[in-house]
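Asker: Go by the hints and put chain B onto chain W.
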Amino acid sequence: MSAATRQPVVPYRDPERQTFLRRRATRNRSVASISTVAFVVVMGVVVTSSPGWPAVHRAFFDGEAFRSSFPEIWRAFWLNVRMFLVAEPLILVLGLSIALARGLRAPVWAPLRVLAAVWTDVFRGVPTILLILLFGFGVPALRVKGLTGEVVVWGVVALVVSYSAYVAEVFRAGIDSVHPGQRAAARSLGLTDAQTSRHVVLPQAIRNVVPPLLNDFISLQKDTALVAVLGPIEALRQAQIYAEDTFNFTSYVAAALIFIGLTIPLARYTDWLLARQRKRQAAGGSW
Amino acid sequence: MLEIRGVHKAYGANPVLRGLDLSVDPHEVVALIGASGCGKSTLLKCVNLLEPIDAGTITLDGIEVSAPGADPDPVRRRVGIVFQSFNLFPHLSVLGNITLAPRRVLKMTGAEADERGRTLLERFGLADKADEYPDRLSGGQQQRVAIVRALAMQPDVMLFDEVTSALDPELVGEVLDVIRDLKDSGLTMLLATHEMAFARDVADQVCFLDDGVVAEQGPAAQVLRNPAEARTQQFLQRVVAAGRL
Numbered sequence: 001m002s003a004a005t006r007q008p009v010v011p012y013r014d015p016e017r018q019t020f021l022r023r024r025a026t027r028n029r030s031v032a033s034i035s036t037v038a039f040v041v042v043m044g045v046v047v048t049s050s051p052g053w054p055a056v057h058r059a060f061f062d063g064e065a066f067r068s069s070f071p072e073i074w075r076a077f078w079l080n081v082r083m084f085l086v087a088e089p090l091i092l093v094l095g096l097s098i099a100l101a102r103g104l105r106a107p108v109w110a111p112l113r114v115l116a117a118v119w120t121d122v123f124r125g126v127p128t129i130l131l132i133l134l135f136g137f138g139v140p141a142l143r144v145k146g147l148t149g150e151v152v153v154w155g156v157v158a159l160v161v162s163y164s165a166y167v168a169e170v171f172r173a174g175i176d177s178v179h180p181g182q183r184a185a186a187r188s189l190g191l192t193d194a195q196t197s198r199h200v201v202l203p204q205a206i207r208n209v210v211p212p213l214l215n216d217f218i219s220l221q222k223d224t225a226l227v228a229v230l231g232p233i234e235a236l237r238q239a240q241i242y243a244e245d246t247f248n249f250t251s252y253v254a255a256a257l258i259f260i261g262l263t264i265p266l267a268r269y270t271d272w273l274l275a276r277q278r279k280r281q282a283a284g285g286s287w
Numbered sequence: 288m289l290e291i292r293g294v295h296k297a298y299g300a301n302p303v304l305r306g307l308d309l310s311v312d313p314h315e316v317v318a319l320i321g322a323s324g325c326g327k328s329t330l331l332k333c334v335n336l337l338e339p340i341d342a343g344t345i346t347l348d349g350i351e352v353s354a355p356g357a358d359p360d361p362v363r364r365r366v367g368i369v370f371q372s373f374n375l376f377p378h379l380s381v382l383g384n385i386t387l388a389p390r391r392v393l394k395m396t397g398a399e400a401d402e403r404g405r406t407l408l409e410r411f412g413l414a415d416k417a418d419e420y421p422d423r424l425s426g427g428q429q430q431r432v433a434i435v436r437a438l439a440m441q442p443d444v445m446l447f448d449e450v451t452s453a454l455d456p457e458l459v460g461e462v463l464d465v466i467r468d469l470k471d472s473g474l475t476m477l478l479a480t481h482e483m484a485f486a487r488d489v490a491d492q493v494c495f496l497d498d499g500v501v502a503e504q505g506p507a508a509q510v511l512r513n514p515a516e517a518r519t520q521q522f523l524q525r526v527v528a529a530g531r532l
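Read top to bottom, the protein sequences are chains W and B.
Going by the working numbering, the residue at position 264 of the first sequence is 264; the numbering climbs one at a time, nothing skipped.
Start counting at 1 in the second sequence, then tack on 287, and there's your number in the working numbering.
Chain W with its partners taken away, still in its complex shape (with noise of 0.2 Å):
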């Protein structure tokens, strides 16, 4: 039969399921509705009429207090965007780096190979709050000529340290979930061991890992707060002394807000990722 002479196939559904299962459809959607609806106003209810609603409602919902905080908090937010900005690129390098120097086979790269595994695990050992106050006041306390006394900076490379030994695993696990046969098929055709990893395994291991980096780096926003407590005026520090000069804590929902504003939508773009990547398992490919 050449392809001219055939008809178009129409999909033939049997209307009588379709009934079903549209009626089905509109039934689970409002039992949703009314389901959630009740939830909302029952912990409403609970919440409000509790007896210390009504100083917690002024100590941490105040729109006056909200509105004076809010602007300042938002500046020193800034410095949160940049330690970010500032640290990221330097977790994916350094993190990759530890990941490829775990897989060096040759004897002469054996200290790299002990140094990368003893990396991971101490730095994924220690808390990383820990790692801030050991960098950033340990460091500029040596008072080594040509090292910055900045607490930020040590702040910033305390969390490289940390967020390189949790990335590095990942790459280390998407390396390995690369086929074996890929390699094998690569070395096969000739390819060093150097053109393999570079041409044929990272980039499969790399698109593989890019929802679990993500999520890495969602963490990483909200934990540069966690460098306030070196002192420098980021926005959790703002919020705080806020708090300390009004005795309203409303400043510390302004800051949690503005860091739940940063964190959804990469959230969300990490679940899009994701789900796009079950769907493409399951049409069969790769990608």
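It should be emphasised that the hints constitute simulated quantities derived from the structure, not laboratory data.
Take these hints with a grain of salt, some might be off.
[As the list claims (entries may be wrong)] Simulated restraints, written as ranges between beta carbons of each label pair: (1) VAL114(W) - HIS295(B): 30 to 36 Å; (2) HIS295(B) - VAL108(W): 26 to 32 Å; (3) VAL108(W) - ALA529(B): 51 to 57 Å.
[Unchecked claim] To spell it out: a stretch of chain W is covered by chain B in this simulated footprint if at least three of its residues, at any positions, have a beta carbon under 8 Å from a beta carbon of chain B; those stretches are: (4) 176–190; (5) 194–202.
[Stated by the list, open to error] Far from chain W, some chain B residues (derived; all Cβ distances over 12 Å): (6) LEU336; (7) GLN371; (8) ALA433; (9) GLY530.
Positions of the beta carbon are idealized from the N, C-alpha and C atoms, including for glycine.
Answerer: Below, chain B alone, put in the same frame as chain W:
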């Protein structure tokens, strides 16, 4: 051209090849047959140096390539291999798959590699697939691309590791046609296969592997029609009973 002498290979405590001898002359097509697990795939991986051998020698044009510590890359440039599971690079287009090694290993320019890649695709009826990605192709098309990818390195010997085993029956023919075409062009080939009828048609020599050695070797028609060894007879009887010959 290819000489395999007394090759042993074990995985852990499990011996797979046990002093195997085999030689392949220039322009000859040798088919390896035998039950699953008899060592056909292992032998091909050893010839391509993807697996190190435990004892024996493999020589290519009189040069020993299997010495421990020898650089495998120049050998792999001369010996192409095609796998059962295609192993195309999913992040590269068909043309990208084919030109990667010529560009990186043979240091061709992009334009030169592309041109030669397209010529090869045209020869095997895949010209319109050059810019597709592997996941858009049928299994038969993917395997043909994998063959073209190996041919792009202009190998002296091609190894085929049960290249039709992962294909739906109606797609087997198009891949076997490619191999026939290559035989006509005079390429030296060593192929492990379950397709006995194909082995009879295309192979000059058939080797029956059993227990890690070549149990019987001879012209295809003779080994498949009048096997001399009792274990070859038994194997072929099972194949016939399964309707595969």
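Asker: At the C-beta level, are VAL108(W) and ALA529(B) separated by a distance inside 51 to 57 Å?
Answerer: Once the Cβ atoms are compared, 53 Å apart, the range 51 to 57 Å for ALA529(B) and VAL108(W) holds.
Asker: Classify the label on ALA433(B) as holds or violated, using whether its beta-carbon is more than 12 Å from each beta-carbon of chain W.
Answerer: The claim is violated: ALA433(B) sits with its nearest Cβ about 8 Å from chain W, within 12 Å.
Asker: Taking beta carbons only, do three or more residues of the region 176–190 of chain W come closer than 8 Å to chain B?
Answerer: It holds: at least three residues are needed, and the region 176–190 of chain W offers 10 whose Cβ sits within less than 8 Å of chain B.
Asker: Measuring from beta carbon to beta carbon, are VAL114(W) and HIS295(B) in 30 to 36 Å?
Answerer: holds (35 Å)
Asker: Examine each Cβ of chain W, and state whether all of them lie more than 12 Å from the Cβ of LEU336(B).
Answerer: violated (9 Å)
Asker: Would you say GLN371(B) is clear of chain W, with no C-beta pair closer than or equal to 12 Å?
Answerer: violated (9 Å)
Asker: Take a look at whether the Cβ-Cβ distance between HIS295(B) and VAL108(W) falls inside 26 to 32 Å.
Answerer: holds (31 Å)
Asker: Examine the region 194–202 of chain W for residues whose CB is less than 8 Å from any CB of chain B, and state whether their number is three or more.
Answerer: Holds: 3 residues of the region 194–202 of chain W have a Cβ under 8 Å from chain B.
Asker: Looking at GLY530(B) again, its CB stays over 12 Å from all of chain W?
Answerer: holds (30 Å)
Going down the numbered hints, you'll see the structure goes against 6, 7 and 8, while the others check out.
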